[in-house]
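Trainee: So you can see what is in the structure, the chains are spelled out below.
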Amino acid sequence: MTKNLFTSAVLAGVAAGLIAALLQFTFVIPHLLEGELYETGERIHFAIDGSTQSDRAQPAIGTDFARHGMTVAFNMITYTGYGLILLALMIFAHDKGHTLTPRTGLIWGVAGFIAVQLAPGIGQPPVLPGAIGSEVGPRQAWWALTIIITAIALALIAFGKGWTALLSIPLLLAPHIVGAPYLDTYFGVAPPELAARFAMLSLGTALAGWTSLGFLAAWFWTRSDDA
Amino acid sequence: MTTQTATIDRSDSSAMGLAIAVLAGVFLLMASGIAQATVLHDAAHDQRHAMAFPCH
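In the order they appear, the protein sequences are chains A and B. The numbering of the first sequence is this note's numbering, which starts it at 9 and goes up by one. The numbering of the second sequence is this note's numbering, which starts it at 3 and goes up by one.
Not one of these hints is a red herring.
Distance condition first, Cα-Cα at most 20 Å in a straight line; then the derived SDA-like pairs of lysine to any residue:
1) A/K104 x B/S16
2) A/K11 x B/A21
3) A/K11 x B/V28
4) A/K104 x A/S232
5) A/K104 x B/G19
6) A/K104 x B/M18
7) A/K104 x B/I22
8) A/K104 x B/V24
9) A/K104 x B/A17
10) A/K11 x B/F29
11) A/K11 x B/G19
12) A/K11 x B/I22
13) A/K11 x A/I85
14) A/K11 x B/A17
15) A/K11 x B/L25
16) A/K104 x B/A21
17) A/K11 x B/S16
18) A/K11 x B/A26
19) A/K11 x B/M18
20) A/K11 x B/V24
Not everything, but these chain B residues come out facing chain A in the computed CB check (under 8 Å):
21) G19
22) L20
23) V24
24) L31
25) A45
26) A54
Honestly, the hints are just simulated from the structure, not real lab data. Note that the structure is a prediction, hence the values are computed from the model and not measured. We put the beta carbon where it would ideally sit given N, CA and C, even for glycine.
Chain B extracted, bound-state conformation (with noise of 0.2 Å):
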């Protein structure tokens, strides 16, 4: 019986890791700064008008 090993390459595993965090970006990104559920919306007012996102 033969046994495979897999490689990963660094690179790949790399740019996996660098896509999560994008995509952890956007999804803090949707919570402050988009999102229209009332409460977050309220507790989040000040600090959208701030940083001018276009939420309402």
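Chain A with its partners taken away, still in its complex shape (with noise of 0.2 Å):
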């Protein structure tokens, strides 16, 4: 059974990678691009006479297609890496008797990207490249607790009896509670806007791709012989 849950999930990876790349390099990357010419300086925004005018214009992708490739292969490899997690959890609820299909395998997907995506960006949303953040250390504690802690909650929601299921409540409540590693200081040199519409692309991207990477795990594993 292992040999076809590595290889379901591997193909779903994949798959769901590509899925987000393409998505990615429609939308984030031209708004990742714009902001690399805030953090390097080529352009700026909050000018010296107090204008917070600038130009709004994307650089044209597809002029560095070493750089594009590994955006794809590590999208591959994170989903991958996802997947091979989420269908672990996926066929452990088969075996208990939650039946597994490809549209089960949705709602498991979109559970994933709650608990690792939407939940830890409440707290640290997807930021341009020069943003900068408080000690990495503490962050990275934070947003794997967000996840484990999100993740245990929607459990509860999804297999809780009975009266456990309102234990997801303060669950899910507490890590925001407890809040996030971060600055007393601001220091963004790109515009608000476009550090908005950065964070908002990439969550909708990152929920299409793990809605793809649930469905398509659950349909290769349901398609083979261990289902």
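Two chains, each in its own frame: build the complex with the hints.
Mentor: Right under this line is the structure:
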């Protein structure tokens, strides 16, 4: 059964990574490249005279194929990594009597998006290059704990019996009441509009990637001889 | 001489398989999202920003 788990997760991860990369090149990467213009100082938003106006224009993508190739490759690795964990949890629930189908796989994918992208994103939104954050260790710890706690809360909602689902409410809130580590100073050099669009486009793209991942992982696995 | 046959409970072996899958997934994510090595960091840069990994 492990072989089919690995095969299904890798196939789903590679396919979802490709879908996510295509969406990133369409929506996310152009904003990222525009953000780098402010990171490098090629474009300045907050000029010395106090003006907050700057041109809105995105650099063309497709000039650096090695860089974009790496983005595709690492999306495949990331989605395969998430796919292995997601499918292992799906099969665990399946063994406990919660039948797995591609349709329920979609819900697993949305739940994965909420736990891994949306919940940590509330405290640590996707940032443009050049953004300055607090020390990386505590931020990684908050990120990892938020993912785990949110995943447990979602599992309680999905599978909890009786009133146990209510336990999910304090669990969902706890990481945000504690709060993500942050600096006492704002350092942003890019227009706030650009940073906001980048964050939302990243999340939207990740939602598409995660739902594809959940659907495809279930689809491949239910077609193997284990299901 | 008696021959002992070890039987492996199916659920045990599948639990091991699930645990290995989770560990392999975490390993891949460490490489694609967290590792600080310059080569990995630069190659994964755009993807890390897009997927909101807290990597620097």
